[in-house]
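*Asks:* Residues per chain, in single letters:
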Amino acid sequence: MEEKINSLKNELDEVFLSFIKDKNEVKSLFDLDLLESKYLGKKSFIAQTLKNINDFPQQIKPLVGKTVNETRKKIEDDIKLLRDDFTKVEYDKKLREEKFDLTLPGRTLTYGSKNIISQVIEEIQEIFIGLGYEIAEGPEVETDYYNFEALNHPPDHPARSLHDTFFISENILLRTHTSPVQIRYMEKHKLPVYIIAPGKVYRKDYDVTHTPMFTQIEGLAVDKNINFGNLKWTLETLAHSVFGKDRKVRFRPHYFPFTEPSAEVDVSCNICGGDGCRVCSGTGWLEILGAGMVDPNLYKFVNYDPETVNGFAFGMGVERIAMLKYGIDDLRLFFENDIRFLKQF
Amino acid sequence: MKITYNWLKEFLDGSDNYSPQDIAYKLTMSGTEVKKLEYVGEKYKDIVIAQIISFVKHPNADKLSICKVNTGKEILNIVCGAKNFKVNDIVALALEGAKIGDFIIKKSKIRGEFSEGMMCSEKELGLSPESDGILILEGDYILGESFAGQTGLDDWVFEIEVTPNRPDCLSVVGIAREISAVTELNLRYPEYENYNNAAADDKFKIEIKDFKLCPRYSAKIFSNISKSKTPFWIRNRLAICDIRSIDLVVDLTNYVMLEVGQPLHAFDVDLLATNKIIIRPALANESILAIDGTTRMLDENTIVIADEKGPVAIAGIMGGKNTEINDNTKNVFLESANFNGPSIMKTSKKIGLRSEASNRFEKKIDPHLTITAIKRFEELLKHITGQKFDNGIYDNYLEVNRERLINLRYNKIKQTLGIDIKDKVVSQILEKLGIKNKINEDYISALVPSFRFEDLEREIDLIEEIARIYGFENIAACELESKFRQGKYTYNQKTIEDIRLALVNSGFNEVINYSFIGLKEFKFFRLDEENEFKNYIKIFNPLNEDFEILRTLLLQSLIDDMKNNIVKKINDLKIFEISKIFLKNDLDKNGLPIEITKLAVLISGRSNLKSWNSNERFFDFYDLKGILEYLFEKFKSKNGLFISNNEYKFFHPAISGNINFDDEAIGIIGKIHPRLTNILDIKQDVFYFELNLDRFIKKSKKEKKFNSIPQFPSISIDLAIVIDDDTTSKDIEDEIYRNGGKTLRNLRLFDFYKGKQIEEGKKSLAYSLEFGADDRTLKDVEVEIISKRIIENLSKKFGAKLRQ
Ligand SMILES: [Zn+2]
Chain A
424 MEEKINSLKN ELDEVFLSFI KDKNEVKSLF DLDLLESKYL GKKSFIAQTL
474 KNINDFPQQI KPLVGKTVNE TRKKIEDDIK LLRDDFTKVE YDKKLREEKF
524 DLTLPGRTLT YGSKNIISQV IEEIQEIFIG LGYEIAEGPE VETDYYNFEA
574 LNHPPDHPAR SLHDTFFISE NILLRTHTSP VQIRYMEKHK LPVYIIAPGK
624 VYRKDYDVTH TPMFTQIEGL AVDKNINFGN LKWTLETLAH SVFGKDRKVR
674 FRPHYFPFTE PSAEVDVSCN ICGGDGCRVC SGTGWLEILG AGMVDPNLYK
724 FVNYDPETVN GFAFGMGVER IAMLKYGIDD LRLFFENDIR FLKQF
Chain H
8 MKITYNWLKE FLDGSDNYSP QDIAYKLTMS GTEVKKLEYV GEKYKDIVIA
58 QIISFVKHPN ADKLSICKVN TGKEILNIVC GAKNFKVNDI VALALEGAKI
108 GDFIIKKSKI RGEFSEGMMC SEKELGLSPE SDGILILEGD YILGESFAGQ
158 TGLDDWVFEI EVTPNRPDCL SVVGIAREIS AVTELNLRYP EYENYNNAAA
208 DDKFKIEIKD FKLCPRYSAK IFSNISKSKT PFWIRNRLAI CDIRSIDLVV
258 DLTNYVMLEV GQPLHAFDVD LLATNKIIIR PALANESILA IDGTTRMLDE
308 NTIVIADEKG PVAIAGIMGG KNTEINDNTK NVFLESANFN GPSIMKTSKK
358 IGLRSEASNR FEKKIDPHLT ITAIKRFEEL LKHITGQKFD NGIYDNYLEV
408 NRERLINLRY NKIKQTLGID IKDKVVSQIL EKLGIKNKIN EDYISALVPS
458 FRFEDLEREI DLIEEIARIY GFENIAACEL ESKFRQGKYT YNQKTIEDIR
508 LALVNSGFNE VINYSFIGLK EFKFFRLDEE NEFKNYIKIF NPLNEDFEIL
558 RTLLLQSLID DMKNNIVKKI NDLKIFEISK IFLKNDLDKN GLPIEITKLA
608 VLISGRSNLK SWNSNERFFD FYDLKGILEY LFEKFKSKNG LFISNNEYKF
658 FHPAISGNIN FDDEAIGIIG KIHPRLTNIL DIKQDVFYFE LNLDRFIKKS
708 KKEKKFNSIP QFPSISIDLA IVIDDDTTSK DIEDEIYRNG GKTLRNLRLF
758 DFYKGKQIEE GKKSLAYSLE FGADDRTLKD VEVEIISKRI IENLSKKFGA
808 KLRQ
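In order, the protein sequence lines correspond to chains A and H. Under the working numbering, the letters of the first sequence match residues 424 to 768, in that order. Under the working numbering, the letters of the second sequence match residues 8 to 811, in that order.
Because the hints were derived from the structure by calculation, they are not lab data. Note that the structure is predicted; figures quoted are calculated from it, not measured. Where hints are given, some of them may not hold.
Said to hold, decoys possible - Below, computed lysine to any residue pairings styled on SDA-like, alpha-carbon distance capped at 25 Å:
1) A:Lys517 <-> A:Ile502
2) H:Lys356 <-> A:Gly699
3) H:Lys42 <-> A:Asp728
4) A:Lys766 <-> H:Asp579
As the list claims (entries may be wrong) - Computed spacing ranges between beta-carbons, pair by pair:
5) H:Lys786 <-> A:Asp445: 41 to 51 Å
6) A:Glu572 <-> H:Arg492: 50 to 60 Å
7) A:Glu520 <-> H:Gly647: 49 to 59 Å
8) H:Phe110 <-> A:Gly529: 34 to 44 Å
9) A:Gln767 <-> H:Val574: 55 to 65 Å
10) H:Asp738 <-> A:Glu572: 38 to 48 Å
All residues carry an ideal CB built from backbone N, CA and C; glycine is no exception.
When you get a sec, could you build the whole thing from the sequences and use the hints?
*Replies:* Structure follows, in structure tokens:
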């Protein structure tokens, strides 16, 4: 039986060789039709063999079918290719006559936009997630205790007048900063604490440079062995990644009731390069955030040991960062929601 | 606060020369921020001292004169419109090139007469808001010298931001002390060597009712003050510091306040009822006619200065009209007192009046300043009038200890700042700040002086002093290792971020609005009639009536955004907001409201503009529902979503409903009521949904699990039925799913028809159903059996008929 198969294979090889020879002689589509009928037509060896497959013993029939079909496939493919060679030129000539304007506009897909405030928050969150911080949240309507008292603003403290507060009742208010999140978080967590907390804050102030609501991002790191040098490194890292490595960063002493020492952080003005211009009011520097070492008093409110624990906190205005980063010159644009403004970012 | 460079130099000794820029930098970098530094003399370039030597009337203009003016070098011809001068008067002459406001002086012809400059008025020189004629200088001046140099205007002005913890810096002397700490200069604290310390007589009585409200009240009577004008240089210094000149006595009280930091108030002694001053809380229903001409009602929380008839001043804030210094004043009662900071703050807030004086009292100034200020006032007055005032000072003072000993440990400095700093350096810094100290083995003992008593209480306060004087720039940045921590978003935060992104990617713009709205707006949307939204939080002290309450629904803000855009001809809108709403919560023990994060989505206008290859199309309800389905499919499953009818007053009554998720209502959806859009002048349909994101996210934690991809092909059939209009497509779909069982892979409504071709009150729905099995190829017969069952049940339950 094996002989039968082998002899069939030999015959098929011969047929294929002869096909190749004949194929090289083909000069026209007419020749090609003749070639096709000679090798694949009813009278061809391949067709005849398949037609008479029952002459073979039952066991080898599948093998016979498979062997013949392999050769048939090879011949078919060659003929298809050759046919394409002959028809291609004519085909192209015809298609070329269908003129087509590739420059007409495409179908519009309208793009949306994430609010610039959300984008800046996201950018800063990503930086701090990279530094091992978590994102914390807190209520926007707060108690006097969390907004002021536990942050070292006892009643009658002069610093309270810096915050023009919206009150709901004597003890309930709209938070004037995101700092209450510091206290709320420390109350519920043990060391180490590394968080940032973005959110809306409210102050009773409405003019060209103030809106009654704006957005802050608070940061807090409390651990053993954290010092002012670490604060500087962290905020320099932040400033460089938000504004670019080429910007200079400086720390100026300042005053906040809940940090000590306290600092304001400036980056060098990119418009004048530090020589002084209108944007930086002649100083060459742009203020970007406030920061400082957590005042040890705060630890008493959350039952940490002020002798062994150290930490720093910082806070920044998101709109201000966006204005400096993108050159936006009018704060009110942020809450007018003009689509032409929104779509720019 | 504004102060000048020359003024500061009067209190600093030392050979080193620091430019105004150096000083500004040193101050800023040690915590006293200089916001602005300006050369005052810039405005007075090319303005010189000159003398009028003669003048004649202008031949062609009645109101003008032609003057010959001597500049010391030459005689110039000046045409002048003023009348208040005479020959030999000394004037400020603007030469060619000088800038007066926006106007540059040029030689020119005025009505045919040549003029080579301009004689200036005080107003033109920016020294006074009003002036009558040109400025005539009195006293000794050198002709031809620069006007600024001769009048104290050749100076620099610092605009300084003093932080609220540093009342001691609210003065020239205080700032000079700060400068001495960061330079080689030494503070020269004013001493009044020739001062006559005679005791005051008992002609006048001062009574303090409560030393808590007024720890110290010092005063002196200056009798028979001879009439004099305030010297020009003092007026100029005050003008530079934004204080208006009134008269000599008032000008000197202001000058001394700026210089030493102690507010003073002068009364006309002869206008006081009797020779007694009482410092006491005001009585209920008492009032005072204040200097500004308004009558102020007082209450028990206000401290007043009173004579035996009634209040003569609101302590620390404003004097009374009736005892004010005036043109006829001869004898002055000069008050130099110390008042309780918090009460002054409360009163000034309540009255809505903040002054240079109240600002200083609020921050608790040093009671030791009262005497210094009186002495300085006397010295200046003596100098100007040439008079002597040998009577003594009244001083009512309950002395308290205002020194404090603090131990400052070296290791605590290192722990906080991360630097090693020598004990000698620490000691020196403290010394420069006026803090006496002694070096010990592990710590320095420091004695805080009275003028820093309020803000230096603890070790950490001293560490801050060390840090700022040592210089933040001298503390090296030091990496904070993070390798043992992992930062991350919570599931909530991550999902909100993903939802935001999903919407942005489908063409939405994210808006952010104020959390407040007006009560009027709230009522306009009839939220007060909706149980879910009516419990708003009211702001006790709103900015104005548009910001009265906190939002209980985001809808109004998005409608506002829409209106604002329509005004600008932007009519096609896809916007969303993710923000909190606030609902009153009587159950919270602290009284805090419920805060819920909501997603609001609004669409209106055209979804497609007419284009060469597409037609114009307007948004409809189903565009909006599609967004909702998209979010449900992405974050949970579409099948959990169900919209149920529910009429909200702000929605079209037939297109208004709840968004239900697994049978819990978590949002609202609908078309804004045409009545509202009409009133708001919005001439297009508006579709809106608002979703409780907190609930949605809590429910939408989607387990990611692999499902094998179907291997066997599907068979699709179409099914078109006619049903009553009242039957919802949801009823039909639920029935089809129930009968289709596991083999029904998908169902899609491909046609909806209502109209002439079918019976009235009916509608036609056409579905494409896709069947398949996981383990074999379904046979046509099987599908036929299932679809037959579907049709039977639809007809039985809903009277559905197949549509031919
Ligand atoms: Zn600049």
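*Asks:* Now look at each hint and say whether the structure bears it out.
*Replies:* Evaluated hints:
With a C-alpha separation of about 23 Å, the suggested pairing of lysine 517 of chain A with isoleucine 502 of chain A holds against the 25 Å cut-off. Among the hinted pairs, lysine 356 of chain H with glycine 699 of chain A is inconsistent with the structure: their alpha-carbon atoms are about 37 Å apart, more than 25 Å. With a CA separation close to 38 Å, the supplied pair lysine 42 of chain H and aspartate 728 of chain A exceeds the 25 Å bound. A distance of roughly 13 Å separates the Cα atoms of lysine 766 of chain A and aspartate 579 of chain H; the hinted pair therefore holds under the 25 Å criterion.
Restraint check, lysine 786 of chain H to aspartate 445 of chain A: a C-beta distance of roughly 48 Å satisfies the suggested window 41 to 51 Å. Our hint of 50 to 60 Å for glutamate 572 of chain A and arginine 492 of chain H is violated, since their Cβ atoms are close to 30 Å apart. With their beta carbons about 55 Å apart, glutamate 520 of chain A and glycine 647 of chain H fall inside the hinted range of 49 to 59 Å. In this structure, phenylalanine 110 of chain H and glycine 529 of chain A break the distance hint of 34 to 44 Å, their C-beta atoms being roughly 59 Å apart.
The given range of 55 to 65 Å is broken by glutamine 767 of chain A and valine 574 of chain H, whose C-beta atoms sit roughly 19 Å from each other. Evaluation of the 38 to 48 Å hint for aspartate 738 of chain H and glutamate 572 of chain A yields a failure: the beta carbon distance comes to about 59 Å.
Violation of the numbered hints given earlier is confined to hints 2, 3, 6, 8, 9 and 10; the remaining hints are satisfied by the structure.
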